[in-house]
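Chains A and B supply the protein sequences, listed in that same order.
Residue 58 in the UniProt record's numbering sits at position 58 of the first sequence, and the numbers go up by one each step.
Residue 174 in the UniProt record's numbering sits at position 174 of the second sequence, and the numbers go up by one each step.
Hints are not guaranteed to be accurate.
[Said to hold, decoys possible] Ranges of calculated distance between the beta carbons of each label pair, as one might list FRET restraints: (1) Pro-181/A - Lys-201/B: 55 to 61 Å; (2) Leu-56/B - Ala-196/A: 40 to 46 Å; (3) Leu-198/B - Leu-188/A: 45 to 51 Å; (4) Tyr-64/B - Phe-76/A: 39 to 45 Å; (5) Ala-20/B - Ala-110/A: 54 to 60 Å; (6) Tyr-64/B - Ala-92/A: 49 to 55 Å; (7) Phe-309/A - Pro-51/B: 45 to 51 Å; (8) Phe-309/A - Gln-142/B: 21 to 27 Å.
[Claimed, not checked] Away from chain B, derived, C-beta distances all over 10 Å, residues of chain A: (9) Val-129; (10) Val-136; (11) Leu-177; (12) Asn-187; (13) Arg-232.
[Claimed, not checked] If you want a taste of the chain A side facing chain B, the calculated C-beta under 8 Å gives, among others: (14) Val-28; (15) Phe-30; (16) Phe-163; (17) Leu-169; (18) Val-173; (19) Gly-270; (20) Val-292; (21) Val-295; (22) Asn-315; (23) Val-317.
Read the hints as simulated data drawn from the structure, not as lab findings.
Just so you know, even glycine gets a beta-carbon here, dropped at the ideal spot from N, CA and C.
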Amino acid sequence: MSGFGGFLLRRALGAVITLFVVSVIVYVVFYATPGDVAQITCGPRCSPEQVHQVARQLNLDDPLHLRYWHFLQGLFIGQDFSTGTSVEHCTAPCLGQSYQSGRQVLDIIATKLPVSLSLVLGAMVVWLVLGVGTGVLSAWRRGRLSERVLTAVTLAGTATPVFVIGLVLMIVVCGELQLLPFPQYVNLTDDPEQWAWNLLLPWLSLALIEAAAFARLTRAAMLETLAEDHIRTFRAYGVGERAVVGRHALRGALAPVIALNANNVGSAVGGAVLTETLFGLPGIGQELVHAVKVVDLPVVVGMVLVIGFFVVLANAVADVLYAVADRRVVLA
Amino acid sequence: MSETLVAAGADASAPAAPGARRFWRRLRAQRAALAAASVVALLVLIALAAPLLTALEGQDPTTYHPDLIDSARGGVPVGPLGGIGADHWLGVEPQTGRDLFARLVYGARVSLGVALAATVLQVGIGTAVGVTAALGSRSVDQLLSRATDVIVAMPLMIMALALLAIVPAGFPRTVLVTLVIGLIGWGNTAKIVRAQTLTLKGLDHVAAARLSGWNTLQVARRELLPGLAAPVITYAALLVPMNISVEAALSFLGVGVKPPTPSWGQMLTAADVWYQAAPQYLLLPAGALFVTVLALTVLGDGVRTALDPRAASRLRVGTGRGDAGRTGKETTA
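Chain B extracted, bound-state conformation (with noise of 0.2 Å):
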């Protein structure tokens, strides 16, 4: 009894490749979410390198050229298309001059970073009060989840709208705006992860793991956490694309990312007045948003098929002595 025992913590501790491998291969399956995936890794990767994308174009995003904006014709940038050519790849901002391209790459940086941050936030705490609350006293899991049920009861961009009124100016925007939405947007994780942790605590691993003198803590780390990975990994992949709308819709209503710092949502507050004009001024914030979005909601589809038991038979991977072949390959490669 204490030797299967044994060899199921070892087993639940040891390194998640199998899992991992699986998960890897079930999501290389799905062509959407391999593509969904490139177009998201891209993105990233301009993030990164928006210093140097644009010290190769020889501008950054917040230097005012006056000298292309036609003031005469209130603001609209001087030049066909917006101002486009070879020293500024897409053209300039109406009424400022600032540079185009460099304001989208690193609105990327601000969109990508803060959407990231905030769901580790959120998950975080989401999944600390919810594995506290199913593993806690009566009492304990009384007071979490109202304290669950209250959070959730108000809506993250009202919430967020109101804070952002209260905090001084010089509390840097992007960190406020990644705090207020990880603080804040925690309630459903939880509500998940509470669920799923109290039916994992009636499986018969876990409650042997109990009897057999391990601590709350070991339980949860060994025995829950596993199980815990697939409903939680899912939840997240589909808030981070939530968050990057509501940092958008933030620093659109001019509450969120302020200038000169660059935000996608924030280019667009005063867009549809130039689209005229400067039609892309219009169209690349909104386009890198649709993008962007869009790409991260397939991702997270195909990351919920692949960790989805029920998907594996959908897929036509994860069985059979295909499974076998695709694991080879998949060591050697």
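In isolation and in its complexed conformation, chain A is listed as follows (with noise of 0.2 Å):
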């Protein structure tokens, strides 16, 4: 197995191993806590009976791995849940039934996603355009007291935590100078004009920090190249300066850039929980922070391995478009 279509063969399967052992991990860590485990997947506001059901309903009795067979085949094939009275059909892929409001995980995270899917992509955007840009621009203008200035704001970027970010944003911009409204969710397909200004604050300060790390690395990856051989050639045969930072010394940036960006997508998600619980955004990260004060647990795990899995998905894109980028790392 050789060549591109092995390399991408591999990586996926990679990724598969990789997102089962997550799994796994996580159920296990979670499921097989010392304690009642009943009684802290109910929640502590569970009433005697109800934690006596949730036994029942997680088969208790059962070794783990059984249990964890039952998850599996609950993610592919769908789980019944007995209610007490009713029987209630879970179909694939089940995460499992939330035991504070009854709705399955599934459920309740797809009607989170869309949130979260906006504030972490938009975030993107803003933080590729601005953080790339900007290392461009200071190791354009190397040595100038623009470049100083850049760098000068680009380390205080990367030294403010998102939520500090986010608090004087808001309080700024929508207390002091009520440029804008406090933000509140709007759904794309209804508005898209009142989507984007709605978000553009939690996009702020969600990806600042982000753009900062990115400003540094490509400023530093740049000036490598820019300081390469063919560059000079470039320089030597008379093409502009613009083409030669602009497309040439670029392109030497690009694969480290796809590499920051998959390995900031943990951090990004972490992030997003913060901006969504400051600006009372009502996505997935949210909804953890409130599973994990209520201890719900099938909510809590069902969110950790879809996030896992976004997460593992990134990686995987990210290493084939880095392959793309920098052919090299196929023979590797």
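Two chains, each in its own frame: build the complex with the hints.
Have a look at this one:
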């Protein structure tokens, strides 16, 4: 198995294995905790009858591997839950059922996912454009005052936690200057313009810290490329400065930027949790924080798995893009 | 042949003075890093001296002062500037009246303590896993590398958030947050250490040590660790500010360090509501976080430059006669 096809196959297989192991670990960690699993699963507010019912639903007398098998079955062919009086069917992929609201975990995630995707994908556009743009600019203007200012600003950017940026933006822009109303999520399909305006501050809060990292990386990678021989050759041949920096040097920064973007998806998801909580956006992050606070274990486990799925997917996609940008990777 | 080997071994196991001294010299040559190091030192000092400082002020971080709170106006501190005065240097917290200065300096303890301890855990586990993977058999390497991939695939914030849900309430929260960050966040360290160890393994002096009959542990300790120190320290220096942010974020979300223990992130949870009545309630913890993370980041950059062999020319130290002069001055100092 060699060449690009083999690489793709190997990478996909690796992602599937990683996902499987993640699911096993998450399942074992959360359902094999010392203590009364039924009580923890059901949450502190459950009555003894509810705890009893949960214990029956989870088949706690069965050994752990059998329970995990049932969970996998639910994921691929669906699962039946008895709610005491009636039997409720949870179609595949079934991630379980909330003990607080009785809703199916996948339903909860499906209603929250558009918000989180709007937030993270929009912020990704902002941080890539802003970060790479700043990096290119400061590599180009090396040694001048504008580069020093940009370097200082990006350094301050990397040092400001997401929720501090968010808090300050919200207070200054919405509170003091009243330039924007306090964000309230509007569906993209309902009103695209309002969607974007309301997400502007959350996007900036989430993106600024990431943009700073990209600016630093792009600058470093471009300076390295600009010092290489082939760039000197381009210049000697009379290729314009704009083309040298904008086209040839930027290409050298492409692969590291892709790699960093994959690496940062995980931290961006963490940042999304903070941003959603801060701005009251009804996304997965806000729901996760809520589920953690009321100890709604099926929701927590389901969300961790779904987030893990997206992170692994993002990493795999980035690896493929990386290989496209730099074919030497395939050989390694 | 054996003589040179012994000499090389002795050299590696000798005190790391020359390397350490060169490191300090190169670090000091960077003005920004020096300033950042002073700020970090000051913060550590404040954290260590927190009981002393609050005793000087005559306050403590947990006592409620209901008399300093205007309950008719929703819990706003009494007096101008959020209750700043001789008794309360930075004012009091809205609603509870707890002393802000005391909470801020004790918050430094939590912030730095958690971040440093978690970094030690991350680096310890990551180095052990990385070295073992690189030196072990093919199957060991496969297993550990896969485990590393898995741990990298689980976002630290999300896993920490989720894990904090299932731990019994009685467990000390500060220790818990440290453990959770430390036990989940070692993936990248392991990756870096594994790659570096593989590179080192191919070098002649390591191969020679292996061939001369040293066991794996001896090789790892004497030949590999000195070569691993630079990348590990560099990455650890970047981990500390990251861990500060994670602890602050978890506490901000209300699942990290819990009251009455003060933490900067936790102080910010309710701060946005009070920013008009008591702006310092927002600005102080936010500023403390900003300054701490900034100083640690700049220091981390400085450490990286100081340990980067390619950066020597940029710093204009470490070569030629100037070097000898500096070394002489250093030993007398």
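Open item on the list: Tell me if the interface restraint on Phe-163/A is satisfied: Cβ within less than 8 Å of some Cβ in chain B.
Closed with: holds (5 Å)
TODO: Have a go at the Asn-315/A hint: is there a Cβ in chain B nearer than 8 Å to its own Cβ?
DONE: holds (7 Å)
Open item on the list: Tell me if the interface restraint on Val-317/A is satisfied: Cβ within less than 8 Å of some Cβ in chain B.
Closed with: violated (13 Å)
Task: Per-residue hint verdict: Leu-169/A, partner chain B, C-beta under 8 Å - done: violated (11 Å)
TODO: With 55 to 61 Å as the target window, see if Pro-181/A and Lys-201/B comply at their CB atoms.
DONE: holds (60 Å)
TODO: Using the Cβ atoms, figure out if Leu-198/B sits within 45 to 51 Å of Leu-188/A.
DONE: holds (47 Å)
Open item on the list: Quick check: does the Cβ-Cβ distance between Tyr-64/B and Phe-76/A fall within 39 to 45 Å?
Closed with: The hinted range 39 to 45 Å is violated for Tyr-64/B and Phe-76/A, with Cβ atoms some 55 Å apart.
- [ ] Please verify that hint: Val-28/A, Cβ, nearest Cβ of chain B, below 8 Å or not.
- [x] Violated. Min distance 12 Å.
Task: Outcome for the supplied range 40 to 46 Å, where the beta carbon pair is Leu-56/B and Ala-196/A - done: violated (52 Å)
TODO: With respect to the beta-carbon atoms only, verify the hint that Phe-309/A and Pro-51/B lie 45 to 51 Å apart.
DONE: holds (47 Å)
Open item on the list: Tell me if the interface restraint on Val-292/A is satisfied: Cβ within less than 8 Å of some Cβ in chain B.
Closed with: holds (4 Å)
TODO: For Phe-309/A and Gln-142/B, compare the CB-CB distance with the range 21 to 27 Å and indicate the outcome.
DONE: The hint (21 to 27 Å, Cβ to Cβ) holds, given that Phe-309/A and Gln-142/B are roughly 23 Å apart.
Of the numbered hints stated above, those contradicted by the structure are hints 2, 4, 14, 17, 18 and 23, listed in ascending order.
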